[in-house]
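Student: The primary structure of each chain is shown beneath.
4 protein chains.
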Amino acid sequence: MIRVSVVGAKGRMGSHVVEAVNGAADMQLALALDAGDDLTAITPDNTDVVVEFTVPSVSLGNVLALVRQGVDVVVGTTGWADEKLDQVRAALDGAPRESQTVFIAPNFAISAVLADHFAKVAAPYFESAEVIELHHPTKVDAPSGTAIHTAQAIGEARRAAGLGEMPDATQTDGGSRGQVVDGVHVHAVRLRGLNAHEEVLFGNAGEQLVIRADSFDRISFMPGVLLAARKVASGAYPGLTVGLDHFLDL
Amino acid sequence: MIRVSVVGAKGRMGSHVVEAVNGAADMQLALALDAGDDLTAITPDNTDVVVEFTVPSVSLGNVLALVRQGVDVVVGTTGWADEKLDQVRAALDGAPRESQTVFIAPNFAISAVLADHFAKVAAPYFESAEVIELHHPTKVDAPSGTAIHTAQAIGEARRAAGLGEMPDATQTDGGSRGQVVDGVHVHAVRLRGLNAHEEVLFGNAGEQLVIRADSFDRISFMPGVLLAARKVASGAYPGLTVGLDHFLDL
Amino acid sequence: MIRVSVVGAKGRMGSHVVEAVNGAADMQLALALDAGDDLTAITPDNTDVVVEFTVPSVSLGNVLALVRQGVDVVVGTTGWADEKLDQVRAALDGAPRESQTVFIAPNFAISAVLADHFAKVAAPYFESAEVIELHHPTKVDAPSGTAIHTAQAIGEARRAAGLGEMPDATQTDGGSRGQVVDGVHVHAVRLRGLNAHEEVLFGNAGEQLVIRADSFDRISFMPGVLLAARKVASGAYPGLTVGLDHFLDL
Amino acid sequence: MIRVSVVGAKGRMGSHVVEAVNGAADMQLALALDAGDDLTAITPDNTDVVVEFTVPSVSLGNVLALVRQGVDVVVGTTGWADEKLDQVRAALDGAPRESQTVFIAPNFAISAVLADHFAKVAAPYFESAEVIELHHPTKVDAPSGTAIHTAQAIGEARRAAGLGEMPDATQTDGGSRGQVVDGVHVHAVRLRGLNAHEEVLFGNAGEQLVIRADSFDRISFMPGVLLAARKVASGAYPGLTVGLDHFLDL
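Residue numbers (full-length UniProt numbering), protein chains in the order written: chain A, 1 to 250; chain B, 1 to 250; chain C, 1 to 250; chain D, 1 to 250.
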């Protein structure tokens, strides 16, 4: 049994994690802490892996403390700039236990991570590629970070394959052609009823390949979180790892 | 048997019309004329309906001449400004035969015409609506005229229903939110392999309605052309009619 | 203000109705009753419209009682055979108030009701039509009642238009061609993560029309429930009406 | 310049290959032969790679003869049972030139080959998976060989990952749940206007991944054919290779 503690256990994501851990046959919930609780209660004696879902302003502090206390951490909180990652690496260098692990993922939705990977693999083989992301209308930024990341991955793969610019005879577009990210047109739709969706379209003469990832609910992140907890608990990934794709067999 | 003559019979569209008329059990091909041929050969003695698919610069002249020669006309050529339509109406007023008919359609694709109609009907019942059009990358204008028309129809239907602005918390979008036509966001995708496609998305809390029209090939216009020829030949639509929706049971 | 009482207020649907009524600017919640509560508390003095979402075994009794108490009813409970509808009509004939109203809908999702209607309108214009419904894997029946209804509507519209059988050269299919309902192939997908979705595909040479309705969550029924409550409260639909399409401007 | 000869040059596929070779900057057309032409004209003196698109009844003989004449072959003709492949391998063992090459592909559509590969990679990460294939209504077999292959790949990947049966509470389905291939439900749609399309749906609680390959036209096979010709001409794949996936960077 993998003993999992949750930090941010009463939050939107954390409460789902508590439920998911309780529902997993190979896991048991150790400690469930939230703001105000004493983090030092989490030790290697009671916990194999901590799942941390809080807010960017406190997450770094939590992770550094947990590393010092000798436990492995899976981090779902966003906002990890390079400078913060360096601090985590430094903490891991001086960690009390051998091969201690921190895993950080900007996105735990397996479908989104796979879509991103597939887009990168497919990109060299198509003349055209565009990205459409669709979200709920209360999202304040457009396009989504995921869509920008996908577009950059496509752009990079095209350059590496020696592909030139995509065909496009458009002379006037009134803004309808979207934002160009690394040579790839990105379109953002905002629609009541949707949650978080991405569609990548690839085209050659006579054919199209479409890769679409739909996240209908934040519960969709749980399989990724549990997968990460298992991988981290296995001890096979000492040090800092960023991105769920490292834990998928791609 | 409806006797159909084709003007522009060697053109991209006209050649398909010749084939479609030859394949229709209730029609027979009368005259097939192209540039340089004598239009006066077409008369009520040999022709019930003329299908005219040429270019905007000669279409008006053709239609006026044909009306004066006493035949009914189905026009697929584009570029009909109001002033041109007035000339056609005037010609019809002085036409030699009783209840002579001219029918002009900006789009003969039944799926596109239905999609446009359905979008207008659905619009009052949804908080959000956006339009995505997708075309081959050699198209010079974006968004398509069809997409603009659909967006305007949605905008109008929303106003008539007393709906306000759509929910949209976007603060920065880098152009990814597309062009706003009458309050409706319109996105244009250009992809090798595609031909002409339109997708209209409607959303309410917890639900989505998607209407999509795909034209893979210009042969898709033929059922609409034949339908129009039959309706015009029926004599039930004297005068000028614009738009295939008038011939569908909506 | 429309005074709305809810019967079945603690149920899965009823609790959403209570919330939706509380959130509607033109409505106020009168009584919220559940199993065991006294239905006779609901009278014209405190209630304009009752929304009834219970179970088939008690719904008929509730509706008959409410009609006798002189209030109008919107019914979301399913399982209304013709014989039950006749009992409701009889009760309405002897109702205490003038032009009393009962409205019953098998489906309150506006997108599904519109999709069904659009399918019926489009059917006469296409050679081919098929229906794909997609649901969560805990659904016990396949295909969905909605998909069967849509297929029947398409079959009927084709017959009325004099269309023959659809083109299909299939010689062996191992069951992959799905169930044939009134000449229309119906396919049922069961996929974890989905809720209730229907896609209707229409095809002619060179073109396709796709109509898709997605219900991600039962909250999607609320706009339809509120719309029905407003229509019933308007007094414009005395007697029994079945089907949300009667309240849409189609 | 890669010198390419085409066998079956007047056929549906072969004529597209001739055109594609003529349009490729790094290739030149050597000989274009069709039924009745003398195959012995093709030799290493005039040809680097032969593309063979004929019919199953003559293809094996053609390939064996070409191998004996010392040229490399890309084969697009279908119908290659194991026993035939063994004959090709034997011919290659006794071939006149060092490292002679034969490449056979059941499918040259890059989008379809990628979709198949992606389905296999994604399969271990999802509770549910189903396959929908959609084709023109003149196809005599259902489901398509590609769909069966995809379903088998998914079934195999699920077993290898230790996944059990997919969740499915269906009690009665009237045939709507399609054909079960290796535990995976496969649905076949036949619709006028479509050509060859495959959609693979994967689902977990709260999320969906959709991979869709559309072949609108047989011209879609040309990028795959040219890619194969280049790979074969490179000399890097001596012997027999089956499947375009071997030439993609997956």
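No lab work stands behind these hints, which were simulated from the structure alone.
Since the structure is predicted, the reported quantities are computational estimates derived from the model, not experimental observations.
Certain hints may be false.
No copy labels: a pair is met if it fits in one copy or bridges any two.
As the list claims (entries may be wrong) - Within a straight-line C-alpha distance of at most 25 Å, the following computed SDA-like cross-link-like pairs (lysine to any residue) qualify:
hint	residue 1	residue 2
1	K120	D82
2	K120	R212
3	K84	E19
4	K231	L248
Student: Cα distance capped at 25 Å. Does K231 pair with L248 within a copy, between copies, both, or neither?
Tutor: Classified as within; 10 Å inside a copy, 29 Å across copies.
Student: First find the shortest C-alpha distance between K84 and E19 inside one copy, then the shortest across copies, and answer within, between, both or neither for a cut-off of 25 Å.
Tutor: Neither: 29 Å inside a chain and 43 Å across chains, both beyond 25 Å.
Student: Between the shortest in-copy and the shortest cross-copy C-alpha distance, which are at most 25 Å for K120 and D82: within, between, both, or neither?
Tutor: Within one copy, since 23 Å is at most 25 Å while 34 Å is not.
Student: Is the C-alpha distance from K120 to R212 at most 25 Å within one copy, between copies, in both cases, or in neither?
Tutor: Intra 14 Å, inter 16 Å, cutoff 25 Å: intra and inter.
In the structure shown, a violation is registered for the earlier hint numbered 3 alone.
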